[in-house]
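Engineer: In case you want the letters, here they are:
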Amino acid sequence: MLLRLRMVLAGVWLTWMVALGAHAAPSVVIISSEGSAAYGETAQALTEELERSGVTRSSVLTMSTREWADGRTQSARLYVTLGAEAAGLLAASAPAVPVLCALLPRSSYEAALLQHGRKASSQFSALFLDQPPARQLELIRLALPGARRVGVLWGTGLSGDRSEFRAQAQAVALSLLEAEVGSEEQLFPALKQVLEGTDLLLAVPNPQIYNSRTVQNILLTSFRANVPMMAFSPAYVRAGALLAVYVTPHQVGVQAAQLARAVLQGKALAASGAYSTDFQIAVNEHVARSLGLSLDAPELTRRLRLLEGRP
Amino acid sequence: MIVRRIRRRILLAAMLPVSLVAVLLMAAFLYIGLGDNEDSHGQRARSMARQLAGASEYGLFSGNVGQLQGLVRVALQESAVRSVVILNSRGEIMASGGHMTYKMPARLGAQEVLDRDILRGTDLLLQPIAAEQVVLNDLFDGSASASAAPARVLGHVLLEVTGEKLRQRQLQLLRLSVMLGLAGILLGGLLAVRLGQGVIRPVARVSRLIERIGRGEFGARAELREQDPLRDLQQALNQMAERLEVGRDELERRIAQATQELREKKEEAESATLAKSRFLAAASHDLRQPTHALGLFVTRLGQLTHDAQAIDLVANMDLAVQAMRELLDALLDISRLDAGAVPVHLQAFALNDVFDQLKVELALMAAEKGLSLRVRPCNVWVMSDPVQIHRILLNLLSNALRYTHAGSVLLACRGKGEDGSAWIEVWDTGIGIAEEHQEAIFKEFYQVGNPERERSKGLGLGLNIVQRTARLLGHPLQLCSRSGQGSRFRIELPLTAPGAMPDRRGPGRRESLDELVGLVVLVVEDDDLARAALVNLLTSWGAMVAEAPSLAVALEQLQRGLQPALIISDYRLPGQENGIQAVLRLRLAAQKEIPACLISGDTDPDLMQAAKVAGLTLMHKPVRPAKLRSLIGHLAKRS
Numbered sequence: 001m002l003l004r005l006r007m008v009l010a011g012v013w014l015t016w017m018v019a020l021g022a023h024a025a026p027s028v029v030i031i032s033s034e035g036s037a038a039y040g041e042t043a044q045a046l047t048e049e050l051e052r053s054g055v056t057r058s059s060v061l062t063m064s065t066r067e068w069a070d071g072r073t074q075s076a077r078l079y080v081t082l083g084a085e086a087a088g089l090l091a092a093s094a095p096a097v098p099v100l101c102a103l104l105p106r107s108s109y110e111a112a113l114l115q116h117g118r119k120a121s122s123q124f125s126a127l128f129l130d131q132p133p134a135r136q137l138e139l140i141r142l143a144l145p146g147a148r149r150v151g152v153l154w155g156t157g158l159s160g161d162r163s164e165f166r167a168q169a170q171a172v173a174l175s176l177l178e179a180e181v182g183s184e185e186q187l188f189p190a191l192k193q194v195l196e197g198t199d200l201l202l203a204v205p206n207p208q209i210y211n212s213r214t215v216q217n218i219l220l221t222s223f224r225a226n227v228p229m230m231a232f233s234p235a236y237v238r239a240g241a242l243l244a245v246y247v248t249p250h251q252v253g254v255q256a257a258q259l260a261r262a263v264l265q266g267k268a269l270a271a272s273g274a275y276s277t278d279f280q281i282a283v284n285e286h287v288a289r290s291l292g293l294s295l296d297a298p299e300l301t302r303r304l305r306l307l308e309g310r311p
Numbered sequence: 001m002i003v004r005r006i007r008r009r010i011l012l013a014a015m016l017p018v019s020l021v022a023v024l025l026m027a028a029f030l031y032i033g034l035g036d037n038e039d040s041h042g043q044r045a046r047s048m049a050r051q052l053a054g055a056s057e058y059g060l061f062s063g064n065v066g067q068l069q070g071l072v073r074v075a076l077q078e079s080a081v082r083s084v085v086i087l088n089s090r091g092e093i094m095a096s097g098g099h100m101t102y103k104m105p106a107r108l109g110a111q112e113v114l115d116r117d118i119l120r121g122t123d124l125l126l127q128p129i130a131a132e133q134v135v136l137n138d139l140f141d142g143s144a145s146a147s148a149a150p151a152r153v154l155g156h157v158l159l160e161v162t163g164e165k166l167r168q169r170q171l172q173l174l175r176l177s178v179m180l181g182l183a184g185i186l187l188g189g190l191l192a193v194r195l196g197q198g199v200i201r202p203v204a205r206v207s208r209l210i211e212r213i214g215r216g217e218f219g220a221r222a223e224l225r226e227q228d229p230l231r232d233l234q235q236a237l238n239q240m241a242e243r244l245e246v247g248r249d250e251l252e253r254r255i256a257q258a259t260q261e262l263r264e265k266k267e268e269a270e271s272a273t274l275a276k277s278r279f280l281a282a283a284s285h286d287l288r289q290p291t292h293a294l295g296l297f298v299t300r301l302g303q304l305t306h307d308a309q310a311i312d313l314v315a316n317m318d319l320a321v322q323a324m325r326e327l328l329d330a331l332l333d334i335s336r337l338d339a340g341a342v343p344v345h346l347q348a349f350a351l352n353d354v355f356d357q358l359k360v361e362l363a364l365m366a367a368e369k370g371l372s373l374r375v376r377p378c379n380v381w382v383m384s385d386p387v388q389i390h391r392i393l394l395n396l397l398s399n400a401l402r403y404t405h406a407g408s409v410l411l412a413c414r415g416k417g418e419d420g421s422a423w424i425e426v427w428d429t430g431i432g433i434a435e436e437h438q439e440a441i442f443k444e445f446y447q448v449g450n451p452e453r454e455r456s457k458g459l460g461l462g463l464n465i466v467q468r469t470a471r472l473l474g475h476p477l478q479l480c481s482r483s484g485q486g487s488r489f490r491i492e493l494p495l496t497a498p499g500a501m502p503d504r505r506g507p508g509r510r511e512s513l514d515e516l517v518g519l520v521v522l523v524v525e526d527d528d529l530a531r532a533a534l535v536n537l538l539t540s541w542g543a544m545v546a547e548a549p550s551l552a553v554a555l556e557q558l559q560r561g562l563q564p565a566l567i568i569s570d571y572r573l574p575g576q577e578n579g580i581q582a583v584l585r586l587r588l589a590a591q592k593e594i595p596a597c598l599i600s601g602d603t604d605p606d607l608m609q610a611a612k613v614a615g616l617t618l619m620h621k622p623v624r625p626a627k628l629r630s631l632i633g634h635l636a637k638r639s
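Going line by line, the protein sequences match chains G and U.
Heads up: the first sequence begins at 1 in my numbering, then just goes up one per residue.
Heads up: the second sequence begins at 1 in my numbering, then just goes up one per residue.
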């Protein structure tokens with residue numbers, strides 16, 4: 001009898017809570033630049049992770065940049081943007097609540113800040129797609145233990161994490177062979193210069209240098225020079241890069257949810273932005289075989305995680 | 001002919017569509033082939049340019065002139081390629097080869113351009129070289145979906161292609177299609193001829209079959225073949241021919257039957273005629289024997305001395321015998337005409353001689369009837385037989401006198417001059433002949449208005465004899481008469497020039513009695529009465545007569561030393577021999593060609609013929625004494 005009464009009471013409370021939640025302002029609004037699979041997956045992982053940590057589904061709202069631009073803005077306790085476009089939009093509107101820019105390269109985040117005259121702060125922070133330089137350099141050591149010199153092409157303009165790379169390289173006893181590429185005409189000479197005497201070409205995200213038009217010729221040139229390339233996304237591995245370390249949309253979603261929950265719990269976001277904690281490694285078996293290498297992606301992942309002190 | 005026309009039509013009907021289809025196919029083949037060829041040529045040139053552009057990409061990216069030159073060299077090995085130029089993004093020539101015949105285009109765009117120079121027959125392809133896009137679908141590109149960033153043009157390929165090879169191919173194609181078309185027409189024609197034969201042969205067969213049936217070959221049959229398209233028709237034709245054949249056979253059978261029946265009827269009729277003739281011959285023979293004897297007796301009786309009453313009786317008897325003789329003569333005439341035994345001696349003679357003779361002969365008869373017989377003299381000469389003409393005219397005039405009760409009978413001649421013929425006409429003022437009888441009066445024993453056959457009105461044989469004789473001589477005979485208004489008979493004779501005096505052996509010439517005195521005559525006659533009469537008559541003429549009832553007796557007499565100057569023998573003798581054989585045997589026995597003559601009651605034409613062949617004169621019973629005496633006189637002279 002008592003049990004039955006308790007169940008009825010619980011049901012009534014649940015119903016009231018649901019009704020109240022539907023009418024209350026959402027806690028987190030996710031603004032997605034696109035409706036593509038990667039964005040959807042990120043948003044879904046984010047929502048599910050929040051839900052798992054106790055945030056009700058109704059208090060997480062997903063909307064598109066278009067809906068945002070149409071003026072259907074929602075007040076919330078945290079805005080999570082997915083993609084460069086949404087980040088730019090939020091940078092422009094400068095809301096009073098914290099903004100977490102996710103699913104975008106560091107260069108895009110910096111470009112958005114620069115464009116709207118904002119500074120990186122806990123109010124407008126980011127979760128970069130880029131992998132931390134240390135992780136990348138550690139992976140080089142794990143995958144190609146004999147490699148000593150690493151070639152890197154920098155774009156003109158934003159310095160990015162160039163200095164960090166240099167520092168980390170020094171730390172792991174790798175020498176960086178650097179070249180700057182101003183225009184596409186300079187790409188081949190710069191590439192030729194960098195590939196001369198290096199053991200590996202490390203591709204650092206920069207759409208001016210690495211894009212769908214250039215990747216073929218860059219890979220061809222590096223292949224002819226017998227220099228493998230380590231890239232930043234699985235697409236490059238498929239196109240002919242030896243290996244890549246990257247973060248998946250799911251991993252981004254999960255990590256963004258963790259950061260969001262911290263914000264909801266009253267913590268501040270990291271002012272300088274954050275690198276992904278989790279990662280994935282992809283290896284092109286064909287390229288490895290043609291270069292006489294034997295790389296095992298899961299093994300590399302395990303060892304790299306171990307190095308980073310993660311299970 | 002029809003077959004040839006059908007063949008022509010079939011050939012045309014088959015060839016026309018075949019040719020049309022062949023020509024259309026040829027045209028379609030040519031159209032598609034040329035189009036394909038042109039397309040493939042253009043496509044090949046374009047794909048060559050694209051491949052060249054693709055292959056040049058890295059060379060341009062890396063500025064590798066050597067590699068680009070290598071590409072140009074390879075491209076020039078293609079037969080249709082005249083020249084190749086590879087330009088970089090600034091329009092500078094990186095590599096080139098071949099013989100360039102065009103001006104460098106001023107503007108190099110990002111689009112493929114095909115510039116066709118019809119005059120030179122060359123195509124210039126401008127192919128931009130763009131960096132190959134790799135679909136990265138990368139979050140780092142700022143967009144996760146494939147970004148359609150415009151391709152950067154790295155440079156251009158200028159490919160000049162000649163159409164010479166294309167022209168050659170097209171010419172080949174044209175030749176091939178024309179050859180195929182002709183082959184198609186030829187094949188179609190052969191097929192048409194072959195198929196046409198399949199139709200024409202049966203048609204020709206049927207045509208031939210119909211022709212044969214048309215000629216009356218009802219036994220002709222078509223050979224039925226399984227595959228024959230006209231099998232049914234031929235079958236029907238076969239049936240038709242069969243029915244025709246059966247029908248014809250039936251018809252022939254019936255005709256044969258009818259002919260057979262007709263023949264039997266004819267034979268019946270002929271045998272009836274023969275029976276009649278036999279009866280006539282037998283009757284006249286049997287009549288002649290007694291008449292002959294009677295005549296001789298009457299003549300002999302007249303030579304004896306009698307009282308006035310007896311003389312009158314003898315005269316009447318003589319008249320009766322005379323009439324009987326006339327009747328038998330007329331029957332004999334007809335028999336002779338039937339047998340064709342009347343000799344015709346055509347000669348030129350003066351018609352007036354015959355007229356004169358007739359006038360003398362008939363004057364008495366005319367005077368007795370109180371008629372005037374007028375004979376108009378004429379001086380023409382005609383070509384005919386005077387004896388037969390005399391017989392014809394005697395009959396006609398006798399008839400005229402007989403049937404004229406008052407008035408006159410006229411005999412006249414009308415020379416016609418122009419066509420060389422003369423008409424002899426016999427006019428009378430008698431009872432005339434009705435039109436319905438005019439044909440029938442020429443028949444034997446036909447008499448108009450004499451059913452009781454009164455003797456004085458004649459025998460009814462005269463006109464029949466006239467007609468037969470005229471026909472024998474070839475002289476047309478005409479009758480013109482009206483009932484109650486007299487008649488006119490006329491006969492046409494050919495005129496001739498006056499010539500020598502004719503042989504005037506007319507009837508009624510008298511021989512001298514002295515010729516016969518002492519003449520030894522052998523009479524062979526089985527009939528006692530007739531023999532006695534003949535012996536009496538000959539004896540009265542002063543002849544010495546030896547008589548024999550049979551050949552054996554006669555031969556006996558010759559053996560006894562009899563040397564006759566003349567033999568008179570009956571034709572029918574007892575035993576095997578006839579008169580002709582008897583005469584020959586007697587002549588043989590006497591070893592001498594004794595003159596002889598035959599006497600017979602028979603009017604059998606065969607007998608007359610046999611006598612003629614044997615060269616013996618045949619006299620028919622009853623023999624007129626005058627005629628007999630004349631003959632004897634004549635034969636006596638020969639011996």
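These are computed hints drawn from the structure, not numbers from a lab.
Please note that the accuracy of each hint is not assured.
[What the hints assert, rightly or not] A short, non-exhaustive set of chain U residues, derived as facing chain G with CB atoms under 7 Å:
(1) Gly-54
(2) Tyr-58
(3) Phe-61
(4) Ser-62
(5) Asn-64
(6) Val-65
(7) Glu-132
(8) Val-134
(9) Leu-136
(10) Asn-137
(11) Phe-140
(12) Arg-152
(13) Glu-217
(14) Glu-436
[As the list claims (entries may be wrong)] Rough simulated footprint, nothing fancy, chain U against chain G, three-plus residues with beta-carbon under 8 Å:
(15) 204 to 210
(16) 235 to 244
[Said to hold, decoys possible] Among the chain U residues that face chain G by a calculated CB cut under 7 Å, a handful are:
(17) Gln-133
(18) Leu-364
(19) Glu-368
(20) Gly-370
Where is the CB? At the ideal position from N, CA and C, for every residue including glycine.
Engineer: Holds or violated: is there a CB of chain G closer than 7 Å to the CB of Val-65 (chain U)?
Structural biologist: violated (14 Å)
Engineer: May I ask you to test the interface hint for Phe-61 (chain U) with respect to chain G, counting a Cβ-Cβ separation under 7 Å as satisfied?
Structural biologist: At 4 Å from the nearest chain G Cβ, Phe-61 (chain U) passes the 7 Å test, so the hint holds.
Engineer: Hint check: is the beta carbon of Glu-132 (chain U) less than 7 Å from a beta carbon of chain G?
Structural biologist: holds (5 Å)
Engineer: The stretch 204 to 210 of chain G covered by chain U? Criterion: 3 or more residues, Cβ-Cβ distance below 8 Å.
Structural biologist: Our answer is that it holds, as 3 residues pass the Cβ test (under 8 Å) against chain U, meeting three.
Engineer: Answer holds if the nearest beta-carbon of chain G is closer than 7 Å to that of Ser-62 (chain U); otherwise answer violated.
Structural biologist: Hint on Ser-62 (chain U): holds, closest Cβ of chain G at ~6 Å, below 7 Å.
Engineer: Holds or violated: Asn-64 (chain U) as interface residue toward chain G, Cβ cutoff 7 Å?
Structural biologist: Violated, about 10 Å.
Engineer: Using Cβ atoms only, decide whether Leu-364 (chain U) comes closer than 7 Å to chain G, and label the hint accordingly.
Structural biologist: Check failed: Cβ of Leu-364 (chain U) comes no nearer than 170 Å to chain G, outside 7 Å.
Engineer: Does Val-134 (chain U) pass the interface hint, meaning its C-beta sits closer than 7 Å to a C-beta of chain G?
Structural biologist: Interface hint status for Val-134 (chain U): holds (5 Å vs cutoff 7 Å).
Engineer: Min Cβ distance, Gly-54 (chain U) to chain G: is it shorter than 7 Å?
Structural biologist: This hint is violated: Gly-54 (chain U) lies away from chain G, its Cβ roughly 11 Å from the closest one there, beyond 7 Å.
Engineer: Holds or violated: the hint that Gln-133 (chain U) contacts chain G, with Cβ atoms closer than 7 Å.
Structural biologist: Holds, because the Cβ-Cβ distance from Gln-133 (chain U) to chain G comes to roughly 5 Å (cut-off 7 Å).
Engineer: Should the interface hint for Tyr-58 (chain U) be scored as holding, given a Cβ-Cβ cut-off of 7 Å against chain G?
Structural biologist: Since the shortest Cβ distance to chain G is 6 Å, the answer is holds.
Engineer: Would you check whether Arg-152 (chain U) satisfies its interface hint, that is, whether its CB is within less than 7 Å of any CB in chain G?
Structural biologist: holds (6 Å)
Hint violations for this structure: numbers 1, 5, 6, 13, 14, 18, 19, 20, all remaining hints satisfied.
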